[in-house]
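2 protein chains.
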Amino acid sequence: MINRLIEKIQKTDAPIVVGLDPKLAFVPAHIKKAAFSEFGETLEGAAEAIWQFNKAIVDATCDLIPAVKPQIAMYEQYGIPGLIAFEKTVAYCHEKDLVVIGDIKRGDIGSTSESYAVAHLGEVSVGENTFRPFDEDFATVNPYLGSDGVNPFIDICKKENKGIFVLVKTSNPSSGEFQDRLIDGKPLYEHVAEKVAAWGEDCMGDAYSNVGAVVGATYPEIGKVLRKVMPKTMILVPGYGAQGGTGADLVHYFNEDGLGAIVNSSRGIIAAYKKDEYAKFGEEAFADASRQAVLDMKEDINQARG
Amino acid sequence: MINRLIEKIQKTDAPIVVGLDPKLAFVPAHIKKAAFSEFGETLEGAAEAIWQFNKAIVDATCDLIPAVKPQIAMYEQYGIPGLIAFEKTVAYCHEKDLVVIGDIKRGDIGSTSESYAVAHLGEVSVGENTFRPFDEDFATVNPYLGSDGVNPFIDICKKENKGIFVLVKTSNPSSGEFQDRLIDGKPLYEHVAEKVAAWGEDCMGDAYSNVGAVVGATYPEIGKVLRKVMPKTMILVPGYGAQGGTGADLVHYFNEDGLGAIVNSSRGIIAAYKKDEYAKFGEEAFADASRQAVLDMKEDINQARG
Numbered sequence: 000m001i002n003r004l005i006e007k008i009q010k011t012d013a014p015i016v017v018g019l020d021p022k023l024a025f026v027p028a029h030i031k032k033a034a035f036s037e038f039g040e041t042l043e044g045a046a047e048a049i050w051q052f053n054k055a056i057v058d059a060t061c062d063l064i065p066a067v068k069p070q071i072a073m074y075e076q077y078g079i080p081g082l083i084a085f086e087k088t089v090a091y092c093h094e095k096d097l098v099v100i101g102d103i104k105r106g107d108i109g110s111t112s113e114s115y116a117v118a119h120l121g122e123v124s125v126g127e128n129t130f131r132p133f134d135e136d137f138a139t140v141n142p143y144l145g146s147d148g149v150n151p152f153i154d155i156c157k158k159e160n161k162g163i164f165v166l167v168k169t170s171n172p173s174s175g176e177f178q179d180r181l182i183d184g185k186p187l188y189e190h191v192a193e194k195v196a197a198w199g200e201d202c203m204g205d206a207y208s209n210v211g212a213v214v215g216a217t218y219p220e221i222g223k224v225l226r227k228v229m230p231k232t233m234i235l236v237p238g239y240g241a242q243g244g245t246g247a248d249l250v251h252y253f254n255e256d257g258l259g260a261i262v263n264s265s266r267g268i269i270a271a272y273k274k275d276e277y278a279k280f281g282e283e284a285f286a287d288a289s290r291q292a293v294l295d296m297k298e299d300i301n302q303a304r305g
Numbered sequence: 000m001i002n003r004l005i006e007k008i009q010k011t012d013a014p015i016v017v018g019l020d021p022k023l024a025f026v027p028a029h030i031k032k033a034a035f036s037e038f039g040e041t042l043e044g045a046a047e048a049i050w051q052f053n054k055a056i057v058d059a060t061c062d063l064i065p066a067v068k069p070q071i072a073m074y075e076q077y078g079i080p081g082l083i084a085f086e087k088t089v090a091y092c093h094e095k096d097l098v099v100i101g102d103i104k105r106g107d108i109g110s111t112s113e114s115y116a117v118a119h120l121g122e123v124s125v126g127e128n129t130f131r132p133f134d135e136d137f138a139t140v141n142p143y144l145g146s147d148g149v150n151p152f153i154d155i156c157k158k159e160n161k162g163i164f165v166l167v168k169t170s171n172p173s174s175g176e177f178q179d180r181l182i183d184g185k186p187l188y189e190h191v192a193e194k195v196a197a198w199g200e201d202c203m204g205d206a207y208s209n210v211g212a213v214v215g216a217t218y219p220e221i222g223k224v225l226r227k228v229m230p231k232t233m234i235l236v237p238g239y240g241a242q243g244g245t246g247a248d249l250v251h252y253f254n255e256d257g258l259g260a261i262v263n264s265s266r267g268i269i270a271a272y273k274k275d276e277y278a279k280f281g282e283e284a285f286a287d288a289s290r291q292a293v294l295d296m297k298e299d300i301n302q303a304r305g
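Chains A and B, in that order, are what the protein sequence lines are. The first sequence begins at 0 in numbering that gives the first Met the number 0 and counts up by one. The second sequence begins at 0 in numbering that gives the first Met the number 0 and counts up by one.
Here chain A stands alone, though its shape is the one from the complex (with noise of 0.2 Å):
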């Protein structure tokens, strides 16, 4: 999967991934409206706004981008019906011919992480069948239970030719508080990242791995060490934007191929409209902003790229 995400991102010249978090506050009155009006201010009404939001997005940038990452915590909070809003934006995005990478920063031990694993890259059997339940391309994994939290993710992946992104050094402001804790010398997520390029070795694609690492665009000395520390893994990066992280700070997160990073904007993109910058396009025409918010960042990045 790996390959493709590679593939991908060279097609669109474009190492940019659109996270897909709709929050109800981002969605637009007429979408709202017009869900609410069918389904009424319930679980369902807001999973179909969110769908129809995600899917507007969708619409408007998929030529432009190789992947989305659809943060699984914003459809969970609306339930069953928010799952299923969450199901169908993984469908859509396949058809799209986009590569899903499921934000799910799940993580626990042997066969739990085997289900985990199941539920989001495999197939589960019931009798003589089988199924594909939420059927992502990627997942994020968190690595504090160790390797044998990770294990059963990568066996599915070799099984499934899928990826999964490992939580390294993420880029919110207390990451540091046990992520840069020296043990022998280096921060502990330097220990991870090891681990990770350890594990990657396992599960090549050609060039890179199908085992990728999580590291936040707000800590760029760090990026630069971390690139170093693994040279074969694609880097997913979050932190963009809104965050704080901008595309001078990625200079060092990509290796000399102009490839090894996949920079990640949620907020920026999908409510751009909300922005002074992209104001002029109006509340209606909420997803031609998102298209043009994914323009810029392009231009941003790939300034970064050289």
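Hints may contain errors.
One copy or two, either will do: identical chains are not told apart, so a pair holds if it fits within one copy or between any two.
[Stated by the list, open to error] Capping the alpha-carbon separation at 25 Å, the derived lysine to any residue pairs in SDA-like fashion look like this: (1) K273 to E127; (2) K7 to K54; (3) K32 to R131; (4) K185 to K227; (5) K22 to E86; (6) K22 to E276; (7) K7 to A55; (8) K231 to M0; (9) K158 to L23; (10) K273 to S110; (11) K87 to V123; (12) K185 to G175; (13) K87 to A284; (14) K185 to S146; (15) K32 to P230; (16) K158 to A206.
Keep in mind the hints are simulated off the structure, nothing from the lab.
With the hints as your guide, set chain B onto chain A.
Just chain B, lined up with the frame of chain A:
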């Protein structure tokens, strides 16, 4: 919520939680047959089978135990129908007056963590209405992202009188890869435990905090240390039984008040009928085997409490 959990532990005299982790392989043939004949060998059929299985075990054990811990991965692997079975299981356990610990191991940052907290412990607004999506009483939380990841859960716990259990030292063989690494002379799990104790100060019940910790039964010497680092923290203990922990290992997980720990068993209870010890019950009477296994576990654990 921690007060309620403690009351229930005292009333049942059983610091025990039954892990409702229903793999299809544990479900007796007659239940699967009935479910598949109604819904086919489909995700709906699997979900019906695990729901009927759970219901029978809850009916057979609910007077003996304070709490259950459904592991959401086992439901998530059956997609939307599986998650509906999770939701039904939580609601049914509430009807039976059980405390429900959602073993979800979620963890993200800021508004994303808040969305998970809302999904599992809180309520979500849609227009004028509010809904409680999954509505567990406690949730397990991963600490790797630091305070930004945990505080949104704590905020919801305060508002809703709910609780969390933060992963400190997990029961799996490779948990030490990161958790045991020394930072300033102390293992990472001890640093996490100190944070748990500090987070907990801000969210106290009477004698214990609504912020609990997960410490595996498989590392009793570590449990002894962590008991002292987190004196007011309820410790949720996985790894008893099938993973190798015994009652005698757990002496030091309890405080002098005989409280402070609640021990989970999943397979050892729900699949008891498959063990030689309980084979006499037979497959049809699997729930009676589970009841006997709870009684035996209670005796084993209470010896450790002294």
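Taking the numbered hints from earlier one at a time, note which ones the structure violates and give those numbers from smallest to largest.
As far as the earlier hints go, only 15 is violated by this structure.
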